[in-house]
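Q: For reference, the chains in residue letters:
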Amino acid sequence: MKSWMKLSLAAAVLTCGTVAAAVPAAAQMKYDGVTVNIVTFTGPQIAEPLQRRAPDFQKLTGATVNVITVPFSDLYQKLLTDFATGTNSYDATVFAPQWMVDYIEPGYLEDITARVKGDAAIKWDDIGAFFRDFSASYNGKVYTIPLDGDFQMVYYRSDLLEQAGMAPPKTWDDYIAIAKAFQGKDLDGDGTGDYGSCIAKKRSAQSYWMILSVASAFIQSQGTSQGVFFDTETMAPLVNNDAFKAALTAYVETTKYAPPDEINLDVGDTRGLFTSGRCALTLDWGDIGTLAIDPATSKVADKVGAATLPGSSKVLDRASGKLVDCTAEICPYAVDGINHAPFAAFGGWSGAINANKDQKVRDAAYDFLSYMSQPEQANVDVTIGKTGFNPYRTSQFESMDLWLKAGMSEAAAKNYLGAIKDSLNSPNMVLDLRVPQNQRYEQVVLDTAVARLLAGEIDVDQAAAEIESGWNEVTEELGKDAQLAAYRAALGVQ
Amino acid sequence: MDRRDRFVAWADRASPGVFLMPAVLVVLALSIFPLIISLYLSLTRFKFEKGGFSLTFIGWLNYKKLLFGSQQFHLLGTLKTISPSGWIIVGLVAVLLAVWLAAYLRRGASAIGAIGRLLVIAAVLTVTLMFASASAPGGQIGTFGVTLIYVFVGVLAQYLIGLGLALLCVQNLPGRGFFRLVFFLPMMITPVGVAYTFRMMTDTTKGPFAPLWQWVGLGDFAWAATAWGARIAVMIGDAWQWIPFMFVVLLAALEGQSREQIEAAHVDGASGWQIFRFITWPAIIPVTLTLILIRVIEGFKIVDLPNVLTNGGPGIASESLTLHAFTAWRTLDLGGSAAIAYILLFVVTFFCTAFVNLTRSAGGAR
Chain D
33 MKSWMKLSLA AAVLTCGTVA AAVPAAAQMK YDGVTVNIVT FTGPQIAEPL QRRAPDFQKL
93 TGATVNVITV PFSDLYQKLL TDFATGTNSY DATVFAPQWM VDYIEPGYLE DITARVKGDA
153 AIKWDDIGAF FRDFSASYNG KVYTIPLDGD FQMVYYRSDL LEQAGMAPPK TWDDYIAIAK
213 AFQGKDLDGD GTGDYGSCIA KKRSAQSYWM ILSVASAFIQ SQGTSQGVFF DTETMAPLVN
273 NDAFKAALTA YVETTKYAPP DEINLDVGDT RGLFTSGRCA LTLDWGDIGT LAIDPATSKV
333 ADKVGAATLP GSSKVLDRAS GKLVDCTAEI CPYAVDGINH APFAAFGGWS GAINANKDQK
393 VRDAAYDFLS YMSQPEQANV DVTIGKTGFN PYRTSQFESM DLWLKAGMSE AAAKNYLGAI
453 KDSLNSPNMV LDLRVPQNQR YEQVVLDTAV ARLLAGEIDV DQAAAEIESG WNEVTEELGK
513 DAQLAAYRAA LGVQ
Chain H
1395 MDRRDRFVAW ADRASPGVFL MPAVLVVLAL SIFPLIISLY LSLTRFKFEK GGFSLTFIGW
1455 LNYKKLLFGS QQFHLLGTLK TISPSGWIIV GLVAVLLAVW LAAYLRRGAS AIGAIGRLLV
1515 IAAVLTVTLM FASASAPGGQ IGTFGVTLIY VFVGVLAQYL IGLGLALLCV QNLPGRGFFR
1575 LVFFLPMMIT PVGVAYTFRM MTDTTKGPFA PLWQWVGLGD FAWAATAWGA RIAVMIGDAW
1635 QWIPFMFVVL LAALEGQSRE QIEAAHVDGA SGWQIFRFIT WPAIIPVTLT LILIRVIEGF
1695 KIVDLPNVLT NGGPGIASES LTLHAFTAWR TLDLGGSAAI AYILLFVVTF FCTAFVNLTR
1755 SAGGAR
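Here the protein sequences come in this chain order: D and H.
Position 182 of the first sequence, counted from 1, bears residue number 214 in this note's numbering, the numbering being contiguous throughout.
Position 36 of the second sequence, counted from 1, bears residue number 1430 in this note's numbering, the numbering being contiguous throughout.
Hints may contain errors.
Claimed, not checked - Derived pair list, reagent style DSS-like, types lysine-lysine, alpha-carbon separation capped at 25 Å: (1) H:K1695 / D:K110; (2) D:K512 / H:K1459; (3) D:K217 / D:K331.
Source of the hints: derived by calculation from the structure; they are not laboratory data.
Hey, can you work out the whole structure from these sequences and the hints?
A: Encoded structure:
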């Protein structure tokens, strides 16, 4: 045999051998055959990025990720029923972190502290401290991976306000005055009248956070640990007083300068109305900022401003239940005499793992949630409006390139990120309720009473009394001392 | 008779019971057992706990909360002092009921019949008082009252329109075959589909009829934003779906009438109204009673339309009893949800028993 033939034969054998060895290695991935069922709410937001990135994750690891969606109003009880009955059809969830207490105490969620510590790719320290502490941790242990940062803010049409010589709203009176000025005017140039304000007020949806956003500045003035829901000494609800009633009155007033069916609009509806140019003002999470630059749906690109929640020059005197004027002592964080209390409504969608699943499935679930939160993915997803994910990492606030690349002008990006940063850094930030069964306080009692108020079934005094008695009933049922201890712990009260 | 014969005789006697027993057990397991369990559930407080759940017996607390406590506004409504006009209506109803009872007693009453009628009178008076109180200034109708409106106003409207369409379709009109099919179609659509369709149609700002609404000056009006607008929208959707059922059954009843009687009446010079009143109406009464009974039972359970169309709103203005129970269940108040379901079961059973007995005795009187 000639030498070149020997050489060719050897090369062929070597190639075949290499291919033969490489084929099984390529096919064998870390989670081949593993399926992760992950449940979240019927989006399309939140579910969209999970569904979009699941195939990419499968290519990398072999794990199949099924995203199951249920209506928001069903998500809490679906999870609880599934975990408590031992059905365990869900391997992981992307849910409201304020509910975590109800799932952690019975041992349904996995403690992922060690996993996070050993996961360099997630860049844990890049996640904002508030989200690491409030959205991800409970009693010093990590249970969820934040995928979203949530603060409610007011959005306004900067072009309209500029033309009218009006400043962005600093108080709720300003908000109402602006809404009144633009109600019925043609804001999108189609020849028909539009709306001054669009706020999602639908019952059994996500609207109960809106009234809390209005009420926060009237009730909390002395820092985060003061809280807006209960007295930290007696667990008496802070609702049947002049401050909460002032908030309810302002909230009802906004309905006059709004679409006729505003009380049946969910956040998806108001976002559509605002980005199609039909509203001068709206109250929402960070989503509006990115939805406004979506060329497919938005008519208001670069015409939107964001501002921290409007405040109040009068706040609650907890001893008398009356509204009193802000002073340096009463409102130490006030700006120009106006007390602002940015509300971290909801806390941001976060992922958690079912503690009662097989190790391999839990590993795959963790890796998927980590993958979703890693800056390579997350820093793109937070710039896309339809994801429903808002900034929650330091790198997302610092890197202007991300936002310019997404289509935001530099001025708009600075305004948008500035409003979120102002909320995030406020010493008077309001924490959402995180006591056992907080869903009953907010999603049942508060939501029903506010819906009845907006429908004209009851007046402001009756609504406040109804919320107070409803909250007291839940507290008595669950044990006042235990609820008070949980409330104080969540606020960091010693 | 030897032992073998005795065994055969015993087996003959026992065999029906033995053969029926499996079916009886299945029925017990599938219907009676859940009924008892849900009754127990309505007397408890349900709570999820580590490794499962707990049921704490709390007696009548769930019922007390709904009928007299913090949830009374939701079930019975916000009840206020009855206005003078409300008392006049209550008085009129009381007089009518007294006249009705006196007429029965004059006909020769049985003790059980009289007790039954007294119970019906008490129920009707209680409901009238509830409506009068909820309609007073500052009052509000609860889910029980809303359900009664859906059932009685809705079923009456559905029956009358269904009867009208059926009477039209038995006439020898051109294209009646086509219309029979068209009138029948809505019944084949899923209720959720109907609800979404009506949700779109009643949307005055973005719906397909938005230009029309704006043209007639209703651009700033939202059906689902006013209590009666929302209730009427639900009743229109429900009627649209269920009129075909009334129509089809009544059409069959009308077509099954004796042609000879009607032709003879024509020959004798009877008017159309006289033919309907004295020939057609008596002929379709049995079908009418059955139809109304079926629709009333079905109507009490209405949930999909108010849930999808109005979400029970505005406030709780269009929420039915079943939707109320579903809302409670969704928030893990299983005891409260079961209590509402039992109240509904009691109301439906009471109505059906009274309806069947009263219509039977009315038939006997005729």
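Q: Give a verdict on every hint.
A: Taking the hints in turn, this is what the structure says about them:
1. H:K1695 / D:K110: Distance of about 24 Å is within 25 Å: holds.
2. D:K512 / H:K1459: 20 Å, holds
3. D:K217 / D:K331: Distance ~17 Å between K217 of chain D and K331 of chain D Cα, so the pair holds.
Comparing the model with each earlier hint shows no violations; every hint is respected.
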